[in-house]
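Just so you know, the sequences run in chain order A and B.
Numbering follows the numbering used here, with no gaps: position 36 of the first sequence is 36.
Numbering follows the numbering used here, with no gaps: position 176 of the second sequence is 176.
Take the hints with a grain of salt, since some may be wrong.
Since the list gives no way to pick one copy over another, a pair counts as held whenever it fits inside one copy or between any two copies.
[Unchecked claim] Simulated pairs of lysine-lysine, PhoX-like, Cα-Cα distance not exceeding 25 Å: (1) Lys-25 to Lys-88; (2) Lys-88 to Lys-41; (3) Lys-66 to Lys-88; (4) Lys-49 to Lys-88; (5) Lys-66 to Lys-49.
No lab work stands behind these hints, which were simulated from the structure alone.
As the structure is a computational prediction, the values presented were derived from the model and not from experiment.
Protein chains: 2
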Amino acid sequence: MDSAALLDLLGNENRRRILRLLARKPCYVTEISEYIGVSPKAVIEHLRKLEEAGLIESHVDDQRRKYFHIARNVRLEVTVSPYGFASKSAYPTNNSFDISTCRHLTLDVACDELDELDELLGALEELEQLENELSLAQRWVQSQLYDVLDQISETVGAGPESRIYADLLATVRTEPKSVGELGRELDAPREVIAELLESMADEGIVQRTERGWELTTNG
Amino acid sequence: MDSAALLDLLGNENRRRILRLLARKPCYVTEISEYIGVSPKAVIEHLRKLEEAGLIESHVDDQRRKYFHIARNVRLEVTVSPYGFASKSAYPTNNSFDISTCRHLTLDVACDELDELDELLGALEELEQLENELSLAQRWVQSQLYDVLDQISETVGAGPESRIYADLLATVRTEPKSVGELGRELDAPREVIAELLESMADEGIVQRTERGWELTTNG
């Protein structure tokens, strides 16, 4: 599911209350309607949207009553800042993902070969702590990113449009690029890219060579 | 800003498009209206909501034209799963946050004392990689959490309500608790807690002692 569809679904307080309820236990329509104080008709409409998106599923019990439950694990992250608006949604990675391939990150948590209930509960506690630490780390990284972008902005003198300057500079940093390549990579019109490059060339920050545009500090 | 208010704001495609536009550069109403193909009146209403929430701000330039820009760094995380629905929003942590206090997490990234543009761009690249690795790690942790909760569920035999069983067991794991204490900690009615504990006592998973309810494996 893409993050836009997920944000549309989650942008409704009653749908969030339904999800919160279903995360505690499977429910049928009347139960949900009474719990959140919304007509069964409106509940059915919310459930239809959630079901179409694959977020919830239903099953019928012995009394032929239809119960809804959450079907999927999904995670959404949104960052809003003067330097960007980004949202991404993803399903939890399966176990075959190798965390040791991370270059800047090491995790220390034991969650293999757990047999006893006590070990499982211990692992649950550790994982919840780690989840919290990862959130804190994300916020720290965001703050560092803004600092670095602010400093780049000061160096380049680009003001509030500095994010696109920084993206441009980061893109030409490792290898020289043409205006066309930069336009495609940054999803911006060629004229905009060309204008930005010319103004940075005037400042002596970038230069055009036979290989394309590059940082003058590389020269 | 709480995550519910943020989700309400972000649950609208046109507001997301406005934020995406403003993250690139400050804009005035007519510009936004033309860019996203929505009437100026509707744009003004979206801007009002975003401004009231503190997400955007405006300033007036020399030609007395009112420009809007993103005012805040804010981060939102949402997790939906059969075991829970959780959302949290937070501002980036300032630099005084000490990442070394994390128990399960180590970061390896250099972003201190950067002077040259080339160093800044290098740090930007490292931080963006780390941001990506942290996202992957979060998804991995989610997947591990579900595995552990599934295993607890199998052990306890609680079916789809196992999240509340797991929370209960995790809460009594480290020290015995009374029904009243558990009700307050888990934000659930006393009767529900008492019933769950009795059923787990029948299974021999927990026991009531003079000090309160505790895991039988501790005994």
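Each hint tested on the structure:
no.: 1; hint: Lys-25 to Lys-88; result: between (27 Å within a copy, 21 Å between copies)
no.: 2; hint: Lys-88 to Lys-41; result: neither (32 Å within a copy, 30 Å between copies)
no.: 3; hint: Lys-66 to Lys-88; result: neither (32 Å within a copy, 31 Å between copies)
no.: 4; hint: Lys-49 to Lys-88; result: both (20 Å within a copy, 23 Å between copies)
no.: 5; hint: Lys-66 to Lys-49; result: within (16 Å within a copy, 39 Å between copies)
In terms of the numbered hints stated before, the structure departs from hints 2 and 3, listed from lowest to highest.
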